[in-house]
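J.: Work out the full structure: start from the sequences and follow the hints.
So the chains spell out like this:
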Amino acid sequence: MEVRDPQWLRGVLPLLVLTVLTRGECYGYDLTRQLEAAGLGTVKGGTLYPVLARLERDGAVVIRWSEPTSGPARKYYRLTPAGEEQLAAGATAWLAFAERATQLLRTATEEHHDATT
Amino acid sequence: MPRPERDYVLELGIQLRLVGMDGPAIGSIQEEVRDHLDSSGQDPREAFGDPAEYAAELAEVHRDQLPARPFTPSAGDYLANAVQIVGFMLVLLGVPAAVLDGGAPVDLGPGHLAGAAVVLGGLAWPLWPAYRGWVARRCNVAVPFGAMLGVIAVSVALMTLWTEPVLAAVSPWIAIVSGLLIVAAFWVRTWRLRDPVRRPTDDPVEVREE
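Protein sequence lines correspond, in order, to chains A and B.
For the first sequence, the working numbering assigns the number 1 to the initial residue and increments by one for each residue that follows.
For the second sequence, the working numbering assigns the number 1001 to the initial residue and increments by one for each residue that follows.
Bear in mind the hints are in silico, worked out from the structure with no lab data behind them.
Quick caveat, the model's predicted, so the values are computed rather than measured.
One should not assume that every hint holds.
Derived Cβ-Cβ restraints for the label pairs, each shown as a range [to be verified]:
#1 110(A) x 1046(B): 37 to 43 Å
#2 1040(B) x 108(A): 38 to 44 Å
#3 1082(B) x 94(A): 55 to 61 Å
#4 30(A) x 1050(B): 24 to 30 Å
#5 1003(B) x 105(A): 45 to 51 Å
Which residues of chain A face chain B? A few of them, derived with a C-beta cut under 10 Å, are [as the list claims (entries may be wrong)]:
#6 49
#7 53
#8 57
Cβ atoms here follow ideal geometry from the backbone N, Cα and C, with glycine treated the same way.
T.: See the structure below:
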């Protein structure tokens, strides 16, 4: 499924990033690949890294640098206990919100369908 | 790293400096951008957008830690520059007097004070704004260069033409030595304030085999 409106993804992106990080530490480009593989579309670097910077600032993730034998160094992100709490609370709130939004949209769609048939 | 990517990273570094990021933070952000571009093969502007806008977005994340008016000289900076200008003037006036005039005293007139004031005023406007505009890619290099030539021309004209009355006569050797000391003190201050961009791996990190 392709996400049509980038704004939908922007709002929930911090939670999705934290979710991917529950599988283990990860670097930026790998995160974008995992999100894309999950059917969430392409997340640009200019969108992802400010989100990661906010999570790092808020203590939801910690970082470490890895020096390759050649090429640029790589920044890895790892979930912290504070990040796990943020994810748990955020996921509950998001699921409740999504459920209500879905119910509302479903009702409106059904009413529209009934009115046109 | 190919030239477009290298240019983008350099431009991003300038824009991050302009929003007030320090050298180590700039180095970390640049390195992460390099790694992303290296791994993905994406076009830098496609992946990260305009460097100025990306820098502004990152600055927003760290707003509390950044200066309110970054890359803006303080009153202390202006004062230090004023003192440095006086130091340069003393050397420039003392050397010809010592070498060509056989050690004749240096006559300081109102033109010297006015010339120094013009250079100092020029730092506030137009020299510094023109320089900053050029760094931020908002104008051509001819603008700060032209502003500098204009300020110097006015200053030299004042010092040359407005020589009477003589306010003080100073030994050229005293002028040279004190001027050099002032200039040296300014450069020591500048050296201590420097904040170079550093790669994050300047600190010890593990080595990854790839």
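J.: Now tell me, hint by hint, if it's right for this structure.
T.: Status of each hint after checking the structure:
1. As the Cβ distance of residue 110(A) to residue 1046(B) is approximately 41 Å, the hint placing it in 37 to 43 Å holds.
2. Taken as a hint, the range 38 to 44 Å holds for the pair residue 1040(B) and residue 108(A), whose Cβ atoms sit roughly 40 Å apart.
3. At about 58 Å, the CB distance of residue 1082(B) to residue 94(A) agrees with the hint of 55 to 61 Å.
4. Residue 30(A) and residue 1050(B) have their C-beta atoms about 25 Å apart, which keeps the hinted 24 to 30 Å range intact.
5. Taken as a hint, the range 45 to 51 Å holds for the pair residue 1003(B) and residue 105(A), whose Cβ atoms sit roughly 48 Å apart.
6. Look at residue 49(A): its Cβ gets to within about 6 Å of chain B, closer than 10 Å, so that hint holds up.
7. The interface hint given for residue 53(A) is met, as the beta carbon of that residue sits about 4 Å from the closest beta carbon of chain B, less than 10 Å.
8. This hint holds: residue 57(A) has a C-beta 6 Å from the nearest C-beta of chain B, less than the 10 Å allowed.
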